[in-house]
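Residues per chain, in single letters:
2 protein chains.
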Amino acid sequence: MATMPAPETPTAAVLIIGNEILSGRTQDSNLNMIAKKLGAIGVRLCEARVVPDVENDIVAAVNDLRARYTYVFTTGGIGPTHDDITAASVAKAFGVRLAEHPDAAARLLAYYTKDNLNEARRRMAQAPEGAALIDNPISAAPGFRIENVHVLAGVPDIAAAMMDTIAATLKHGPAIHSIAVSGAVAESRLADDLRILAARWPQLDIGSYPWFRQGHYGTALVVRGTDQAAVAAAAEAVSALIEKYGATPARE
Amino acid sequence: MATMPAPETPTAAVLIIGNEILSGRTQDSNLNMIAKKLGAIGVRLCEARVVPDVENDIVAAVNDLRARYTYVFTTGGIGPTHDDITAASVAKAFGVRLAEHPDAAARLLAYYTKDNLNEARRRMAQAPEGAALIDNPISAAPGFRIENVHVLAGVPDIAAAMMDTIAATLKHGPAIHSIAVSGAVAESRLADDLRILAARWPQLDIGSYPWFRQGHYGTALVVRGTDQAAVAAAAEAVSALIEKYGATPARE
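Protein sequence lines correspond, in order, to chains W and U.
Position 127 (the first sequence) corresponds to 597 in the numbering used here; numbering is contiguous.
Position 81 (the second sequence) corresponds to 551 in the numbering used here; numbering is contiguous.
Derived by calculation from the structure, the hints in this document are not laboratory data.
Because the structure is a prediction, the values reported are computed rather than measured.
Among these hints, one or two may not hold up.
Some residues of chain W that are not near chain U, with every Cβ distance over 10 angstroms (derived) [to be verified]:
| id | residue |
| --- | --- |
| 1 | Ile604 |
| 2 | Pro680 |
| 3 | Ser709 |
Just the calculated beta-carbon pair ranges, DEER-fashion [what the hints assert, rightly or not]:
| id | chain 1 | residue 1 | chain 2 | residue 2 | range |
| --- | --- | --- | --- | --- | --- |
| 4 | U | Ile608 | W | Asn588 | 21 to 31 angstroms |
| 5 | U | Arg538 | W | Ile608 | 28 to 38 angstroms |
| 6 | W | Asp634 | U | Ser499 | 18 to 28 angstroms |
| 7 | U | Gln684 | W | Phe682 | 32 to 42 angstroms |
| 8 | U | Ala510 | W | Ala702 | 23 to 33 angstroms |
| 9 | W | Ile511 | U | Thr481 | 50 to 60 angstroms |
| 10 | W | Gln673 | U | Asp585 | 29 to 39 angstroms |
Computed cross-link-like contacts, DSSO-like style, restricted to lysine-lysine with a CA-CA straight-line distance of at most 30 angstroms [to be verified]:
| id | chain 1 | residue 1 | chain 2 | residue 2 |
| --- | --- | --- | --- | --- |
| 11 | U | Lys507 | U | Lys584 |
| 12 | W | Lys714 | U | Lys714 |
| 13 | U | Lys714 | U | Lys507 |
| 14 | U | Lys641 | U | Lys562 |
| 15 | U | Lys562 | W | Lys584 |
| 16 | W | Lys641 | W | Lys714 |
| 17 | W | Lys506 | U | Lys714 |
| 18 | U | Lys506 | W | Lys507 |
| 19 | W | Lys584 | W | Lys714 |
| 20 | W | Lys507 | W | Lys641 |
| 21 | U | Lys507 | W | Lys506 |
| 22 | U | Lys506 | U | Lys641 |
| 23 | W | Lys584 | W | Lys507 |
Where is the CB? At the ideal position from N, CA and C, for every residue including glycine.
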């Protein structure tokens with residue numbers, strides 16, 4: 471069972487916006503990318519949601535999540551087409567006007583040139599009033615932040631670049647240390663001992679993940695927490711447990 | 471913008487349970503798998519959530535989602551270890567006792583044999599009172615259904631097998647037809663015309679997805695809906711739009 475974050479650990483939620491994820495057309499990869507980047511700076515990702523390109527659904531999710539977590543990160547729906555309604559929906563969630571952001575318009579003009587800045591491209595300069603832009607080093611059209619909500623692109627390379635841009639602006643929590651130890655033992659053999667072991671370190675999160683590879687099976691045990699000495703000690707105990715059942719523990 | 475499902479279309483939510491998804495250790499693939507299988511039988515997936523292995527979070531999500539959708543599908547947290555708390559949490563959400571299911575216990579006994587059925591493995595026979603089992607053809611430990619909530623394993627092969635088992639028991643909606651047309655045109659060039667085109671078929675969901683491949687870029691336009699003739703007509707119009715901008719439309 472997960473330990474609760476320490477009071478000083480900032481928390482976060484990810485909101486993935488897009489019919490293509492819910493229809494199965496697209497395999498999302500942004501959640502995993504954001505999860506790793508947040509873990510590296512000590513921000514605890516507590517929840518993720520996927521909603522369709524429907525204004526009411528986006529508004530409800532943004533308002534629910536922004537009230538509960540230090541940060542919200544949305545992906546998707548900020549492009550030039552009719553199904554890109556994230557900016558308008560976020561403005562509605564905050565009860566502010568959607569307006570053209572002068573700096574965003576200038577960036578798009580520089581990127582597309584005046585002759586090619588059609589109405590659709592110009593729409594990408596719209597943001598909720600009061601929003602601050604998030605740089606897009608790949609294709610100019612920026613994301614934005616309003617209060618604790620960061621609105622990112624859905625294209626994975628652009629979303630990752632935007633996360634790198636804003637990471638320095640986020641509160642960093644205590645680093646989360648993680649050690650994974652794997653062995654060729656069924657998790658159901660280890661489980662009774664592991665329950666006792668986990669109870670010795672209530673401040674840590676000890677996860678057990680069965681694996682099947684090329685006809686073999688085993689278990690990866692992952693020890694996570696902000697207390698580095700405790701993580702190391704628990705990882706040693708986990709390794710000893712794998713040895714007890716006749717397998718060779720391997721750090722992953 | 472997505473059209474609302476027709477009244478006869480069953481709806482669904484997916485609830486992914488597991489710290490490993492939120493820590494970034496594991497890339498989820500079950501959402502995409504379930505989305506595709508539901509689409510094939512005309513069940514509309516309307517929302518997905520990812521929550522950690524925390525009882526209160528699981529209970530709250532199960533109760534919120536089961537009240538709003540025809541079906542809920544959960545993945546993860548039904549193994550033998552201390553962090554597998556899904557069955558207990560779902561029992562709590564429904565306000566019923568968690569108890570050993572006799573048929574599940576019999577299946578585990580047959581699979582593991584009496585000498586190897588340790589306490590941890592036996593825990594996998596626990597289910598909320600009143601639940602019906604979902605077959606696990608791979609490793610015996612079953613999932614279960616209670617009212618409209620289907621509780622599946624997290625291991626992708628097992629989750630997929632369980633979905634195949636229960637698909638026949640679900641209400642099927644009208645088949646959702648989908649045609650994707652792709653062309654080497656920036657979506658921001660097409661977007662103004664596409665907005666007008668999409669307004670002609672309000673009963674369809676027309677999505678626009680930019681792509682970047684090996685230094686080239688383009689757009690995939692996806693037409694989806696239950697009205698097959700309208701889907702075909704809109705796909706023709708989309709193809710013509712791609713040609714208008716000098717590219718060759720290709721069905722994907």
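Hints, one by one, checked against the model:
no., hint, result
1, Ile604, "18 angstroms, holds"
2, Pro680, "6 angstroms, violated"
3, Ser709, "17 angstroms, holds"
4, Ile608/U - Asn588/W: 21 to 31 angstroms, "53 angstroms, violated"
5, Arg538/U - Ile608/W: 28 to 38 angstroms, "37 angstroms, holds"
6, Asp634/W - Ser499/U: 18 to 28 angstroms, "25 angstroms, holds"
7, Gln684/U - Phe682/W: 32 to 42 angstroms, "33 angstroms, holds"
8, Ala510/U - Ala702/W: 23 to 33 angstroms, "48 angstroms, violated"
9, Ile511/W - Thr481/U: 50 to 60 angstroms, "37 angstroms, violated"
10, Gln673/W - Asp585/U: 29 to 39 angstroms, "36 angstroms, holds"
11, Lys507/U - Lys584/U, "37 angstroms, violated"
12, Lys714/W - Lys714/U, "69 angstroms, violated"
13, Lys714/U - Lys507/U, "35 angstroms, violated"
14, Lys641/U - Lys562/U, "26 angstroms, holds"
15, Lys562/U - Lys584/W, "60 angstroms, violated"
16, Lys641/W - Lys714/W, "42 angstroms, violated"
17, Lys506/W - Lys714/U, "42 angstroms, violated"
18, Lys506/U - Lys507/W, "29 angstroms, holds"
19, Lys584/W - Lys714/W, "70 angstroms, violated"
20, Lys507/W - Lys641/W, "13 angstroms, holds"
21, Lys507/U - Lys506/W, "29 angstroms, holds"
22, Lys506/U - Lys641/U, "16 angstroms, holds"
23, Lys584/W - Lys507/W, "37 angstroms, violated"
The structure shown violates the earlier hints numbered 2, 4, 8, 9, 11, 12, 13, 15, 16, 17, 19 and 23.
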